[in-house]
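Visitor: Everything in the sequence shown is counted per the working numbering, starting at 44 for the first residue and increasing by one.
Treat the hints as calculated values from the structure; they're not laboratory data.
Computed from a prediction, not measured in an experiment: that's the story for all the values here.
C-beta: ideal position from N, C-alpha, C; glycine also.
Treat the hints with care, as some may be off.
What the hints assert, rightly or not - For each label pair, taking beta carbons as the anchor points, the in silico distance ranges come out as:
#	residue 1	residue 2	range
1	ALA279	ALA99	45 to 55 angstroms
2	ASP280	ALA99	48 to 58 angstroms
3	ALA109	GLY213	30 to 40 angstroms
4	ALA275	ASP115	38 to 48 angstroms
Unchecked claim - In silico lysine to aspartate or glutamate, EDC-like type, Cα no more than 20 angstroms apart, as pairs:
#	residue 1	residue 2
5	LYS55	ASP264
6	LYS55	ASP280
7	LYS55	GLU274
8	LYS55	ASP190
9	LYS55	ASP272
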Amino acid sequence: MEASRDPDRARKLVVALDGPGSSGKSSVGAAAALRVGYRFCDTGLLYRAVTWLALARNISTSHPHAVRGLVDEVDLLPDQAGRLSRVLVHGQDHTDEVRGPEVDVAVSVFAAIPELRLALLERQRVLAAAGGMVMAGRDIGTVVLPDADLKIFLVASVEERARRRTEERGLDPQGPEAAAILDALRRRDELDSTRPVAPLRAAADARIISTDGNRFEDTVDAVVNAIRDVEARLAADPDRDPDREPKPEPSGAGG
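Sequences and hints are given; from them, build the entire structure.
Guide: As structure tokens, this is what we get:
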């Protein structure tokens with residue numbers, strides 16, 4: 044993609060934002076993109092949409108080509124801020140359905156299908172090609188956009204991530220639904236990190252940001268600061284490759 048070598052793109056980066064489930068990459072990425080005037084894409088919505096559609100049509104993971112065939116039926120719709128946040132299937136909005144608990148349980152299994160990952164790969168790259176994009180997912184910096192101008196990996200303990208998801212859904216933190224969320228996140232972490240195709244891991248040159256105990260605004264600040272830092276470096280020296288710059292030690296949101 045060679046985005047970092049184009050001086051006209053120095054202030055419109057391609058940013059890869061990765062992390063495990065409920066690490067905050069979608070909400071943080073959307074807020075950071077809005078602040079810096081970039082578009083935002085949560086690639087997990089694409090996988091969730093295909094998973095929901097497969098479940099609705101009783102298509103199992105044992106039929107990978109049928110699952111892959113659902114990709115062309117799914118579109119992401121931008122909002123006024125340029126965030127690709129709505130899911131359309133044949134022109135109908137199904138965003139609420141793709142965020143349902145049945146999709147939570149099944150999406151990792153579907154996302155591990157090589158044929159599906161390959162089908163979505165080019166679509167994700169096309170979305171990012173124009174620059175000015177924060178793209179969030181689990182393999183953006185390692186597979187989808189390995190030449191991204193900036194790679195960030197958010198980390199948080201599974202207990203913290205489960206607490207956040209429970210709070211978002213207004214559930215009793217001591218109830219059975221909260222326990223189920225914690226179990227589901229643990230299972231998904233295991234599936235995502237051990238799958239043979241594009242496993243969840245931080246890119247070697249990613250900036251690691253730990254979000255445990257952080258306020259949401261602090262994590263957004265850390266991402267924005269990282270983007271502004273690379274923008275400034277490229278503006279001063281358009282031929283500099285930010286991926287060759289020394290990376291800071293893993294840190295919290297102080298940035």
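Visitor: Now, for every hint given, state plainly whether the structure supports it.
Guide: Okay, the hints, checked on the actual structure:
1. ALA279 / ALA99: 45 to 55 angstroms: Because 51 angstroms falls inside the window, the suggested range holds.
2. ASP280 / ALA99: 48 to 58 angstroms: 51 angstroms, holds
3. ALA109 / GLY213: 30 to 40 angstroms: Taking Cβ atoms as reference, ALA109 and GLY213 lie about 36 angstroms apart, which means the hint holds.
4. ALA275 / ASP115: 38 to 48 angstroms: 40 angstroms, holds
5. LYS55 / ASP264: Since the Cα atoms of LYS55 and ASP264 sit roughly 18 angstroms apart, the hinted pair holds (cutoff 20 angstroms).
6. LYS55 / ASP280: Roughly 14 angstroms separates the two Cα atoms, so the pair holds.
7. LYS55 / GLU274: Roughly 8 angstroms between the alpha carbons, so the hint for LYS55 and GLU274 holds.
8. LYS55 / ASP190: 14 angstroms, holds
9. LYS55 / ASP272: Between LYS55 and ASP272 the Cα gap is close to 12 angstroms, so the pair holds against 20 angstroms.
Consistency with the previously given hints is maintained throughout, with no hint failing.
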